[in-house]
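Peer 1: Here is how the chains run, residue by residue.
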Amino acid sequence: MSDAVTMIGRSVRLSSRNVEALLTSLALPMMLMLLFVHLFGGAISTGDAYVQYVVPGVLVLCAGFGAGSTAVSVSQDMTGGIIDRFRSLDVGGPAILAGHVTAALARNVAASVLVLAVAAAIGFRPQATAAGWFAAAGVLLAFVFAVAWLAAAVGLLARSAEAASGFAFVVGFLPYPSSGFAPIDTMPSWLQGFAENQPITPVIESLRGLLLGRPVGESPWLALAWCAAIVAVSMAASIALFRRRTS
Amino acid sequence: MTHEPAVEACGLEKSYGGVRVLGGVDLTVRRGGVFALLGPNGAGKTTTVRILATLLKADAGRARVAGHDVVSQRSLVRRAISLTGQYAALDEEQTGEENLRMMARLSGLPRARAGRRAGELLERLGLTDAARRRVATYSGGMRRRLDLAASLVGEPSVIFLDEPTTGLDPRSRLAVWDVVTELAGAGVTVFLTTQYLEEADRLAGHIALIDGGRIVAEGTAADLKRRVAGERLDLTLAGPEAYERVAGLLADRIVRRDPETLVLGVPTSGGAGDVRDLLDAVDPGRRLVERFAVRTATLDDVFLTLTGNSARKEDQRV
Ligand SMILES: Nc1ncnc2c1ncn2[C@@H]1O[C@H](COP(=O)(O)OP(=O)(O)OP(=O)(O)O)[C@@H](O)[C@H]1O
Ligand SMILES: [Mg+2]
Numbered sequence: 001m002s003d004a005v006t007m008i009g010r011s012v013r014l015s016s017r018n019v020e021a022l023l024t025s026l027a028l029p030m031m032l033m034l035l036f037v038h039l040f041g042g043a044i045s046t047g048d049a050y051v052q053y054v055v056p057g058v059l060v061l062c063a064g065f066g067a068g069s070t071a072v073s074v075s076q077d078m079t080g081g082i083i084d085r086f087r088s089l090d091v092g093g094p095a096i097l098a099g100h101v102t103a104a105l106a107r108n109v110a111a112s113v114l115v116l117a118v119a120a121a122i123g124f125r126p127q128a129t130a131a132g133w134f135a136a137a138g139v140l141l142a143f144v145f146a147v148a149w150l151a152a153a154v155g156l157l158a159r160s161a162e163a164a165s166g167f168a169f170v171v172g173f174l175p176y177p178s179s180g181f182a183p184i185d186t187m188p189s190w191l192q193g194f195a196e197n198q199p200i201t202p203v204i205e206s207l208r209g210l211l212l213g214r215p216v217g218e219s220p221w222l223a224l225a226w227c228a229a230i231v232a233v234s235m236a237a238s239i240a241l242f243r244r245r246t247s
Numbered sequence: 001m002t003h004e005p006a007v008e009a010c011g012l013e014k015s016y017g018g019v020r021v022l023g024g025v026d027l028t029v030r031r032g033g034v035f036a037l038l039g040p041n042g043a044g045k046t047t048t049v050r051i052l053a054t055l056l057k058a059d060a061g062r063a064r065v066a067g068h069d070v071v072s073q074r075s076l077v078r079r080a081i082s083l084t085g086q087y088a089a090l091d092e093e094q095t096g097e098e099n100l101r102m103m104a105r106l107s108g109l110p111r112a113r114a115g116r117r118a119g120e121l122l123e124r125l126g127l128t129d130a131a132r133r134r135v136a137t138y139s140g141g142m143r144r145r146l147d148l149a150a151s152l153v154g155e156p157s158v159i160f161l162d163e164p165t166t167g168l169d170p171r172s173r174l175a176v177w178d179v180v181t182e183l184a185g186a187g188v189t190v191f192l193t194t195q196y197l198e199e200a201d202r203l204a205g206h207i208a209l210i211d212g213g214r215i216v217a218e219g220t221a222a223d224l225k226r227r228v229a230g231e232r233l234d235l236t237l238a239g240p241e242a243y244e245r246v247a248g249l250l251a252d253r254i255v256r257r258d259p260e261t262l263v264l265g266v267p268t269s270g271g272a273g274d275v276r277d278l279l280d281a282v283d284p285g286r287r288l289v290e291r292f293a294v295r296t297a298t299l300d301d302v303f304l305t306l307t308g309n310s311a312r313k314e315d316q317r318v
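Quick mapping for you: the protein sequence lines, in order, are chains A and B. Each residue of the first sequence is one higher than the one before, starting from 1 at the first, in the numbering used here. Each residue of the second sequence is one higher than the one before, starting from 1 at the first, in the numbering used here.
Derived from the structure by calculation, the hints contain no laboratory data. For clarity, every value in this text was computed on a predicted model and none was experimentally measured. There's no promise every hint is true.
[Claimed, not checked] Incomplete in silico selection of chain B near chain A, CB under 10 angstroms:
1. 81
2. 85
3. 151
4. 157
5. 160
[Unchecked claim] Partial chain A-side listing against chain B, Cβ under 7 angstroms, derived:
6. 6
7. 17
8. 81
9. 84
10. 85
11. 87
12. 90
13. 91
All residues carry an ideal CB built from backbone N, CA and C; glycine is no exception.
The shape of chain A in the complex, shown without the other chains (with noise of 0.2 angstroms):
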């Protein structure tokens, strides 16, 4: 357990000095946040401000990028001399991805919060009550962990850092079809079977719902069921993965 809180702290130190982790993690989303609401937004008919409905497509879409860093600092971690290092001071697997996955969720707290507050500088009025901003905030964390634990998983089953980032190419692309910037119907059919039923967009549209203060249904408990599925799934992926690599 403590040597787990040490390799938290290195974990958030080491992604404190990456800046240019830093820099897709938290000027990234909020550039393409810009691109959207300015440069597409008004080509998009959701019957409100467009901006009003694209930002938990961007915190989603945080997530990913925050994503690919873990993967290839998990993967850098696996590669060089120093987990040999860890082992030889019978660190374990689970401590080591334990620092990983927290630096991500430090990370990705600061990128949402700097997203917001852009948002709320181009227009963003969020509407929730204090119940639904912790709900909001609650299924955001869960997505975040849910994916820093996939990423972790990647990172160890990739054999160099190089395809360890193409990860965050795919978890890069996830949220755009869903109903994170443009509604699903809007879609191709051949499409929209695939945005219906993404772990994403109950995530969005849990996140948009809550938000605004509108009623959201099941979507939160359909978003956290993903969550819990991915990080079960992952972890154990991770666990396996980790051994395979120590043995």
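Dock chain B with the ligands against the given chain A, drawing on the hints supplied.
Peer 2: This is chain B with the ligands only, laid out in the frame that chain A set:
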């Protein structure tokens, strides 16, 4: 503690995808002092060390380190040892001090003690001035020293150092040697691997020579030197052509080759008759050999004689 050896390995084997890397390594290392595992590139040094340090499982054979089995008592072994790998195991983006404090915490020291221990070790390895700089800004020698410091945080009783001085300049090498000597003096067992005979000769009380995944010789430096001819005849040739010609004639008998200075060395008894016969045999026309010298065998000769052709490349020489 019992009087069990620090390291006891029996029949260690390891293959990678059908290629046999270790073919039955047996080793016994007494407690205290410096032990050197000496061998050329690819001999199996790193593989052996990783098995002994519990990081890699052998396909066959058993090993006990610090009195515990490396497989069934892995955690106990890890608590008693430390490993400094061939390549630096440090976080580039943390400072030297942060790296050490982290390792100290991971080895179980409470926060305040960890800070103090980091300070002590930085001081001891002459890194106090660089303590608050990121490792990314360190030179190769500083990194090595920090890496060595990192392996000392937990006060291990057996320390594995995999090629601790490869790639260091002479000054940094001396600094590492000093630390090794000091550790051994304090009763710690230092198990180091090296490609440098000089290093083994200078530091180690006991040396094992590994080649092609097997221990080919073992003993003190003096024991090993006695295993090859006591004396060596060094011939300085008249030119590159003469060098090639004589090298061809002497072939397998050569224990030293140095094309740059045009020197070839062969074992000899040192007697006048033997030297004369040898000179007549390789240079009947008396034009090829310019000078000769009879020298007492060094570990170099042992290395070259016992490790066969694989070690006769120039890059293996010190
Ligand atoms: N993971 C691996 N997969 C395949 N072959 C390997 C692996 N690790 C080591 N080998 C091979 O095993 C042999 C012994 O390697 P090892 O690293 O133990 O040698 P070494 O004595 O440490 O050499 P060096 O002086 O170059 O460090 C080499 O031929 C190497 O190519
Ligand atoms: Mg090696």
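Peer 1: Each hint: holds or not?
Peer 2: Taking the hints in turn, this is what the structure says about them:
1. 81: The hint holds - residue 81 of chain B has a Cβ within 10 angstroms of chain A, the shortest such distance being about 7 angstroms.
2. 85: Holds: closest Cβ of chain A sits about 5 angstroms from residue 85 of chain B, inside 10 angstroms.
3. 151: Cβ of residue 151 of chain B sits 8 angstroms from chain A, so the hint holds.
4. 157: 14 angstroms, violated
5. 160: 8 angstroms, holds
6. 6: 4 angstroms, holds
7. 17: At about 4 angstroms, which falls below the 7 angstroms cut-off, the nearest Cβ of chain B leaves the hint on residue 17 of chain A intact, so it holds.
8. 81: OK, holds: residue 81 of chain A within 7 angstroms of chain B, min 4 angstroms.
9. 84: 5 angstroms, holds
10. 85: 4 angstroms, holds
11. 87: This hint holds: residue 87 of chain A lies near chain B, its Cβ roughly 6 angstroms from the closest one there, short of 7 angstroms.
12. 90: 4 angstroms, holds
13. 91: Result: holds, 5 angstroms to nearest chain B Cβ.
Taken one by one, the earlier hints fail for this structure only at number 4.
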